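Student: Residues per chain are reported as follows:
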Amino acid sequence: MKFDDFLKDEDGNSTVSLVICIIPMVFIFALIISYGQAFYGVQVAANASASGARAAAVNGNASSAYSSANQIAQNYVNGAGMGITFQSDNLEYSTWKRKEYMEYYVTVNVRTAMPMNPFASGIKESYSPTRSCPAIIEGE
Amino acid sequence: MHKMNDFMADETGDGLLVLFPVLALLGMMMFALMMNFMIWNTEKNGIQIMADSASRAGTVAISKSYAIRERTGHGLEDYHVYTELNEAEAENLSEQVIEGYKKHIKLAEVTQVDYNPVENFTFPVWNSNTFRYDNRPLSTKKQLKNGNFSVYVKGRVKSIWPRLLGVKDELEVEIYSQSAARGTVTSVH
Numbered sequence: 001m002k003f004d005d006f007l008k009d010e011d012g013n014s015t016v017s018l019v020i021c022i023i024p025m026v027f028i029f030a031l032i033i034s035y036g037q038a039f040y041g042v043q044v045a046a047n048a049s050a051s052g053a054r055a056a057a058v059n060g061n062a063s064s065a066y067s068s069a070n071q072i073a074q075n076y077v078n079g080a081g082m083g084i085t086f087q088s089d090n091l092e093y094s095t096w097k098r099k100e101y102m103e104y105y106v107t108v109n110v111r112t113a114m115p116m117n118p119f120a121s122g123i124k125e126s127y128s129p130t131r132s133c134p135a136i137i138e139g140e
Numbered sequence: 001m002h003k004m005n006d007f008m009a010d011e012t013g014d015g016l017l018v019l020f021p022v023l024a025l026l027g028m029m030m031f032a033l034m035m036n037f038m039i040w041n042t043e044k045n046g047i048q049i050m051a052d053s054a055s056r057a058g059t060v061a062i063s064k065s066y067a068i069r070e071r072t073g074h075g076l077e078d079y080h081v082y083t084e085l086n087e088a089e090a091e092n093l094s095e096q097v098i099e100g101y102k103k104h105i106k107l108a109e110v111t112q113v114d115y116n117p118v119e120n121f122t123f124p125v126w127n128s129n130t131f132r133y134d135n136r137p138l139s140t141k142k143q144l145k146n147g148n149f150s151v152y153v154k155g156r157v158k159s160i161w162p163r164l165l166g167v168k169d170e171l172e173v174e175i176y177s178q179s180a181a182r183g184t185v186t187s188v189h
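Listed in order, the protein sequences are those of chains A and B. Letter by letter, the first sequence follows residues 1 to 140 in the working numbering. Letter by letter, the second sequence follows residues 1 to 189 in the working numbering.
Next comes chain A alone, as it looks inside the complex (with noise of 0.2 Å):
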């Protein structure tokens, strides 16, 4: 028998070959939105930090800044959809006086379509970028 019979049903259409091309497929169409979740999941972290971070500029002290900065980055990332959620976060200052320069970190979780290996870190499903924005602080 050759393998191009092989792979036709009785009638000679070529079902079983299209069901084995099927497969493939569908794995390459998930790996490509499992990049396509962990690039947004890096534009989300990305617009958090920067919420987080124009928030905590404006307020006149550290445990406010922080607190209202935890607030908008976990709304924003939160209501992101496609398998994001917050997952930690971080404010970074040398001394809370204005002009003084300071930083906002957001790191989110992606929970991926497919196990796959994101920017080699390795093969995992759950991917967790993390990114700052930083600010000069702006409360008197």
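Check each hint, because a few of them may be wrong.
Here are the simulated EDC-like pairs of lysine to aspartate or glutamate, each with C-alpha atoms no more than 16 Å apart in a straight line [unchecked claim]:
hint	chain 1	residue 1	chain 2	residue 2
1	B	Lys44	B	Glu87
2	A	Lys99	B	Glu109
3	A	Lys99	B	Glu89
4	A	Lys99	B	Glu170
5	B	Lys102	A	Glu125
6	B	Lys103	A	Glu103
None of these hints come from the bench; they were simulated from the model. Treat the numbers as computed from the prediction; the structure is a model and nothing was measured.
Once you have looked at the hints, place chain B on chain A.
Tutor: Relative to chain A, chain B alone:
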């Protein structure tokens, strides 16, 4: 002697040997193109956030805000608030933010950053000769007192797409961002 077509066909006469590598190459090129768009989108978003944060940081350098009492066209008095911006300090603060953000823009490279105050700001001045208000433009020095601060970033985003079919391996993005300064009135003139 075999024809080229026979050589590439399998025993049933199908051209699978030709078709498979061609389809595989096309698939790889499509995947690379898609990855390129995703990388480009992410990097461009990062540059936009950086420019927004930098322009916002520049507005923190307000040294003084004051109000000027002026007459409106109906003879009523109105207060126009002007904020004085220290341009050198604004640039310094913006540079700090840009330097801090550069670690995230791995593939993009910022080539140009411009700080432009608003150029076409005018305010009404009462002209007692003509008995009407003239819209006078502010001088270059006074234009800085408008309190708006903008950043123009020209960036290059490197592409993973190779130099195939004349496609460039880097894309240029131009990002503009402007923030309005927030000032408090310290005196009335």
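Student: So, for every hint listed, does it hold in this structure?
Tutor: Results for each hint:
1. A hinted pair counts as satisfied when its Cα atoms are at most 16 Å apart, and Lys44 (chain B) with Glu87 (chain B) does not qualify at roughly 27 Å.
2. At roughly 26 Å between alpha-carbon atoms, Lys99 (chain A) and Glu109 (chain B) are farther apart than 16 Å, so this suggested pair is violated.
3. Among the hinted pairs, Lys99 (chain A) with Glu89 (chain B) is consistent with the structure: their alpha-carbon atoms are about 10 Å apart, no more than 16 Å.
4. The straight-line distance between the Cα atoms of Lys99 (chain A) and Glu170 (chain B) is roughly 36 Å, outside the 16 Å bound, and the hint therefore fails.
5. Taking the CA atoms of Lys102 (chain B) and Glu125 (chain A), the gap is about 28 Å. The hint is violated against a cut of 16 Å.
6. Restraint check for Lys103 (chain B) and Glu103 (chain A): satisfied, since their Cα atoms lie roughly 12 Å apart, inside the 16 Å limit.
The structure shown violates the earlier hints numbered 1, 2, 4, 5.
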